[in-house]
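Asks: Chain residues, written in single-letter form:
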Amino acid sequence: MSLFAEKGKKSLLDLIGSGRNLDAYVVGVVFLEEGLLAAALVDGRVAFINSESTSPASFVSAHDGTCLSLAGDPGGQRVLTGGDDGRLVSTDTDGETTEIAAISGRWVEPIAVSRASGLCAAAFGKTVSLFARDGSAVGRFEHANTVSGLAFDPKGRRIAAAHYGGASLWWAKLGTQEPKRLTWAGSHLDLTWSPDGKYIVTAMQENELHGWRVADSVDMRMAGYPKKVKSMSWLPKGRYLATGGADSVICWPFHGKSGPMGKAPLDLGWGFEGVVTAVAAHPRHDVIAAGYKDGTTILVQIEREDPLLVKRPGEGAVTALGWSADGQHLALGTESGLVGRLKLSDWRTSSGA
Amino acid sequence: MDLIPVTVLTGCLGASKTTLLNRILTEERDRKYDVVVNEFGEIGIDNDFVVNADEEEFEMNNDCICCTVRGDLIRFLGSLMKRQGGFDGIPIETTGLADPAPVARNFLVDEDVRGRTRLGSIMTVVDACHVIQRLEDSHETLEEVAFVDIIRLDKTDLVSADELARKKSCIRSINATAVIRRTHRCEVGLDTVLERRAFDLDRIPAIEPDFGAEDDHEHDDAVKSVFLRADRPLDGNRPTKRLQRLFVERGQDLLRTTGVLSFPGHEKQYVVQAVHMLLAGNFTKSGSPDENRERRLSFIGRNIDELDLRQQYKACVA
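Chains as they are written, first to last, in our numbering: chain A, 40 to 392; chain B, 548 to 865.
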């Protein structure tokens, strides 16, 4: 289908990027300031990779055990990681690690950060803790079940936590409070808050998404996925929500008054093998990077036919994708430990590439 | 990709489960195991490879009220599978009060768990001295014995041979297909414990149920086994419909169902596994010459109408 799906065709990574294998499942990738890339590896290491393709990666051991999650600090100078050693750790670009908090015996999985408020939230099992930029604890919210997804609202004033039975919404700076409960039967594994603040969407154990309109808690069910949705990403201004979980990129339209209800999703990036395992929308344009189970990575545009091949199949499923804040750099990580990065400065959505 | 075998150890508190876990971890140092337990305090060994499970039981949102899974184990197994180098096995210990069904269901329901691990066996350790008493006074023990693939009778040195035979036959009346092994302080070949593919979709154990055993114990819950066989292949459409109806109507009472079926025109045999009403089936088992094919179904459950099941099964033969 795609011009670029042919065997032997060179990918963008081959032509203008660089890749290296770091020997462990890549949990996440995030760009820091000046194009420095940080990758969290499942064996507890954080790798820093600069934009020179020849310089080696530097490693920092952040966790004694499995690293479960990664987020870039709002300031862009350090990364936050959670591990099964019960620790939330900050690693700065000089390789200095600081333990922000630890609860022995718990897993620290979802982490959320807010550029707007500078706050960071992490779930220690059933407890969600909030931290200010200096690492001081500023809030603590308890849940009946393990929290497996976290997201701030656009202003960073509220935090939403996904768990069994739905989601809980807390005011970050309010002391004692009852959370707003969004309920829907089943196990909610991941959560995202739309950039306009109007919608919350969770990915469920049952191969579907569930959404709520925050203002009136109206339910939205987005079903039909053959697999679990493990990756969701909002396009600029929240016009679409791009998702994995199918053999193409499923994009739900959120620009109408009632969100995606009664509308068919867009279906992009056909013709590749297997299921989409990771998606990341460009921060400025209607462009989505999507990675597949076989390692193929593409760039697709909303309402355009031909995708661009970013990476050929191989090296295991794509597990992580990330753009720099200016949208010039793209990074990817895979199951077998490949971390690739490329600079797309000359590339324009209008160039017809 | 090799699927990592998971062994579920269940059993009442006070039985010798902990002894068995300790032996796995201390005597098999050359092999890599990751162990899931319920409380750190319960086993007194270094806990590098021990993960504390939270026993979070979740209902699936699929209109099936009895369809619960263990969310904590799905999460744990999912994360474990990201690590390279692999593991030789994952023993999961559940508390005596935990229902083994949601644990087993994880392996039928969750695609990530299913794709990387296989349920090797569900095993319980029961104390030979007190087993009859436990079966009479504890609903959990009864369910457990009915549900598992391997029953380890421990402390058999403390009971006479006659008594042991009586106890075995009592267990047989509840679960006709499980393997019963006697042990002393859980001294058993650990390989056989951890590698046994009792619950594997490819290899249903060809165990002849011990129907000769006398059945002098009737239990309140009347949990028993029914074992069906057919000499001829089954009609392509009939079993599926009948099975579906059976599981919809009687799923609550059916604890475990396993079977190997064959259909005319299909080279491979159809292997079915069910936990309550959740049924998974596949054409997986390589075909043997038609005349030697196994065609059997075993049901373990409560209030089973054996005659009805036999008639239904007979009606499915082509």
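Check the hints yourself; a few may be wrong.
What the hints assert, rightly or not - Chain B stretches covered by chain A per the calculated footprint, using a threshold of three residues with CB under 8 angstroms from any CB of chain A:
#, region
1, 650 to 662
2, 696 to 704
As the list claims (entries may be wrong) - Example chain A residues on the side facing chain B (calculated, C-beta under 10 angstroms, incomplete):
#, residue
3, 81
4, 179
5, 180
6, 184
7, 187
8, 226
9, 244
10, 245
To be verified - Take a look, some chain A residues computed to stay more than 10 angstroms from chain B by CB distance:
#, residue
11, 168
12, 266
13, 267
The hints are simulated quantities; they were obtained by calculation from the structure and are not laboratory data.
Backbone N, C-alpha and C define an ideal beta-carbon position, used for all residues, glycine too.
Asks: Now, for every hint given, state plainly whether the structure supports it.
Replies: Comparing the hints with the structure gives:
With 3 residues bearing a CB less than 8 angstroms from a CB of chain A, the region 650 to 662 of chain B meets the requirement of three and the coverage assertion stands. Coverage of the region 696 to 704 of chain B by chain A is violated. Counting CB-CB distances below 8 angstroms, 0 residues qualify, and the rule asks for three or more. With a least beta-carbon distance of about 5 angstroms to chain B, the hint placing residue 81 (chain A) at the interface is held under the 10 angstroms criterion. Evaluation of the residue 179 (chain A) hint against chain B yields a violated restraint, the C-beta minimum of about 19 angstroms exceeding 10 angstroms.
With a cut of 10 angstroms, the hint placing residue 180 (chain A) at the interface with chain B is violated, because the nearest CB-to-CB distance is about 18 angstroms. Checking residue 184 (chain A) against chain B by beta carbon gives a least distance of about 6 angstroms; that is within 10 angstroms, so the hint holds. At about 7 angstroms, the closest approach between the beta carbon of residue 187 (chain A) and any beta carbon in chain B falls short of 10 angstroms, and the interface hint on this residue holds. Hint on residue 226 (chain A) holds. Least Cβ distance to chain B is approximately 5 angstroms, under the 10 angstroms limit.
Because the closest C-beta pair between residue 244 (chain A) and chain B is about 7 angstroms apart, less than 10 angstroms, the hint holds. Satisfaction of the interface hint for residue 245 (chain A) is found here, the shortest Cβ-Cβ separation to chain B being roughly 5 angstroms, below the 10 angstroms cut-off. The claim that residue 168 (chain A) is not at the interface with chain B holds, since no C-beta of that chain comes within 10 angstroms of its own (minimum 18 angstroms). For residue 266 (chain A), the shortest C-beta to C-beta distance to chain B comes to about 6 angstroms, within the 10 angstroms cut-off, and the non-interface label is violated.
Remark: the non-interface label on residue 267 (chain A) conflicts with the geometry, its nearest Cβ contact in chain B lying 6 angstroms away (cut-off 10 angstroms).
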